[in-house]
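Residue numbers (my numbering), protein chains in the order written: chain A, 1 to 87; chain B, 88 to 423.
Honestly, the hints are just simulated from the structure, not real lab data.
Check each hint, because a few of them may be wrong.
[Said to hold, decoys possible] List time: in silico SDA-like cross-link candidates among lysine to any residue, alpha-carbon distance up to 20 Å:
{"#": "1", "chain 1": "B", "residue 1": "K314", "chain 2": "B", "residue 2": "E324"}
{"#": "2", "chain 1": "B", "residue 1": "K150", "chain 2": "B", "residue 2": "G191"}
{"#": "3", "chain 1": "B", "residue 1": "K406", "chain 2": "A", "residue 2": "E71"}
{"#": "4", "chain 1": "B", "residue 1": "K150", "chain 2": "B", "residue 2": "A120"}
{"#": "5", "chain 1": "B", "residue 1": "K406", "chain 2": "A", "residue 2": "I66"}
{"#": "6", "chain 1": "B", "residue 1": "K406", "chain 2": "A", "residue 2": "Q65"}
{"#": "7", "chain 1": "B", "residue 1": "K406", "chain 2": "A", "residue 2": "E57"}
{"#": "8", "chain 1": "B", "residue 1": "K406", "chain 2": "A", "residue 2": "E27"}
{"#": "9", "chain 1": "B", "residue 1": "K150", "chain 2": "B", "residue 2": "A188"}
{"#": "10", "chain 1": "B", "residue 1": "K153", "chain 2": "B", "residue 2": "V135"}
{"#": "11", "chain 1": "B", "residue 1": "K406", "chain 2": "A", "residue 2": "L75"}
{"#": "12", "chain 1": "B", "residue 1": "K406", "chain 2": "A", "residue 2": "T67"}
[Said to hold, decoys possible] Chain A residues, not near chain B, derived (Cβ > 10 Å throughout):
{"#": "13", "residue": "D39"}
{"#": "14", "residue": "L49"}
{"#": "15", "residue": "R81"}
Remember, predicted model here, so these are calculated numbers, not experimental data.
Where is the CB? At the ideal position from N, CA and C, for every residue including glycine.
Spelled out, the chains give:
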Amino acid sequence: MNDPTEFEQVLRNTIAEFCLVRPEALEASHRLQDDLGFDSITSMELLSLLSERSGIEVSIEEAMQITTVGELLALGLERSRNARAST
Amino acid sequence: MTTTVIGGGGFLGLNLIDALAESGIKPLCVRRARGNVLGLLSRRVPMVVGDLSDSNVLAEALKGTKVVYHLAGHYPRTSLHRQAALDRARSETQVVLDASARAGVQRLIYVSSTATVAPAEGRPSTEADRFPSPPGLGVYHDVKWAMEDLVDREDRLHTITVCPSACLGPHDLRVGTSGLLVALARGMDPAYPRGLVSVVDVRDVAEALVRLGTLASFPSRLILSAKTHDLEALMTELARHYGVSSPGRALSPEAAIRFSDEEEERVERDGGRAALPREIADLIIHGVHLDGSFAENTLGFRYRPLTETLQAFGAWATKVGLIGSPKSHREEVSAP
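Chain B with its partners taken away, still in its complex shape (with noise of 0.2 Å):
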């Protein structure tokens, strides 16, 4: 085995395992104890269970892997705990690099996010912007700052940093970035902040990834991003997709992030599910425009237009019971 994957049996994780299936790559997923692992379980994938609290249990679990995809970095459900969720960001990344290590892994592919990308001044943001010291942004922005941070610093083992923007596609269990998209083709009328959203569809980082392992010479950082979007603009374009109203306007910053905290804090106290999570509002608050050509120039692929990574999240989503049949396809997004 050659091939790990810790955090498999996600969105991204699931498309990623299709894609290296598809290159004739049959990898090792590291899963926790208890989490939903029924995809990998239908994929006939191999697993063992590791833990990210453990760098023995994990470096055991990693014997005789040179290439090893992490795509398991914390992700605070919400903004509320900040010390908590940084300590454990760190601590977590740690071990898997602790672990990479003393097994001998060649290549550590860590994915992070587009947070970490810091703004540029009168261009887009490309692989060599990076924020200095922690962003301050949101707590979210600094955990993955953090992370990144430590991945940069390792020196025991290769490593390659993938700064996705939001995906978009099949998969998308938990409903994460995709969740504005379910609620408007449900005909509801989503909050959202005024800013920028970048999407990729996730088929295209799951590919790139399985280059990334391959590839004899290798960049250290890459974004990955079709297209920069105002948000108020492309949600009205996907509600003519969806053939629903137009959604209200975009909150404004000071609006939207006070809504998103008082949602998280509700969600605290009663549970369910944060409306605006914060750190959806941050990231769309404080997005920048990105240049992901890069990654299509050195790993040699073309972004999905985003009328194609919509009619797979539509069709995967309606199989599923998200959303229902959209009522006309006929009008489409513009491409990118």
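Bound conformation, chain A alone (with noise of 0.2 Å):
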């Protein structure tokens, strides 16, 4: 996946699936252990199906550091920008 926009939405469906948040109710700023609900088990599952459904590698040590949507989000638009120039 490299629309940066696409790769947004999937995101914010994939949180709501876990956290029974509404997908446009999701702020960058909500952090995932605090704001949502997710604990180290969930976040890493998240981050896993997240990088399942996106294509976007995301490495285990770069999972354990992310804390907020923002930081998320951030990180997957920086992989489709870099998919799409490598294109």
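Starting from two chains that each stand alone, build the complex the way the hints lay out.
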């Protein structure tokens, strides 16, 4: 997936599946654990599912550093841009 | 595809995948529909979705497999729901056994726990020491005993039960057995009980599993444990290793159980993570001296010294941000 808009939608929908929040209600400042109720295990499951659905590679090391929706979005958008640049 | 790993995305699983790859074996991984498979994705491991509640689906996934590694035995996250934990453990184990038999699997290597190893009179415990009935030392012990009992009774395929002690090393994503280590390295003062802890490098366990999958003749039960430590003494040595203050004194068994029960009830109510999970308290309080030498002699390997394990764990944990760099590695923990 190398369309940033598409990635953002997949991200919103995937998070919404986990924490029963409306996709459009998600904000970049939302913290995965403190605001959305993820724990360390479900955070990794989220990243894993997102990686599978979007085709964007996320290493375990990167996944463990991500704490907010905005950080996750930034990582995905950066990967999308890189993918577009290389095609 | 002749080798399949059930539960390959976790701590031991990723180390096993790496060890298999070093031996030129690329396994198939059976995974849950939703779970953390980032480590498998980055290793380009072929995956199939399987369900430990449905033997038909699992049998289909195992078709053509000769060797199955079952690393996904139920691990109850709390000890608050004894019957539910036992029911799930038995049911999922039976599904794996039925599916393996139906798929024509030749060898099932099941990873159990040293919780099933009984104390021995006047000597360290060996593979021969097994509780004849549920140990009654806590939910975790009984769950592990129940699953191992089912595997032992299986007569449709060859089974090997592996009992690793507390695994330490890279890829402990859930910070399970290394929880005390991480807390200590962060300069916290973790609560821990008085008792014994046996440890083994997760990479040694992975290598042993690879060998068990390829040996022509194999034992039916194997303990994998490098050394048994008095936990209080070990914590003091580890504090020196990480350059932090020595931890407080160990809790009495009664105080540790009371604390861990309160912690699990708090987590059930408010979420989060127990500072001392009940199964960890039970394992340490009822810890026994283990003799892991049969595995070395049978499989032809030597356990890594604890210093090497700590270095590998430290490098990984620092990389993923679990702990900072140790203040000093000059004072080494005494090797086993």
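How the hints compare with the structure:
no.: 1; hint: K314(B) - E324(B); verdict: holds (15 Å)
no.: 2; hint: K150(B) - G191(B); verdict: holds (7 Å)
no.: 3; hint: K406(B) - E71(A); verdict: holds (18 Å)
no.: 4; hint: K150(B) - A120(B); verdict: holds (19 Å)
no.: 5; hint: K406(B) - I66(A); verdict: holds (14 Å)
no.: 6; hint: K406(B) - Q65(A); verdict: holds (10 Å)
no.: 7; hint: K406(B) - E57(A); verdict: holds (18 Å)
no.: 8; hint: K406(B) - E27(A); verdict: violated (28 Å)
no.: 9; hint: K150(B) - A188(B); verdict: holds (10 Å)
no.: 10; hint: K153(B) - V135(B); verdict: holds (16 Å)
no.: 11; hint: K406(B) - L75(A); verdict: holds (18 Å)
no.: 12; hint: K406(B) - T67(A); verdict: holds (16 Å)
no.: 13; hint: D39; verdict: violated (7 Å)
no.: 14; hint: L49; verdict: violated (6 Å)
no.: 15; hint: R81; verdict: holds (21 Å)
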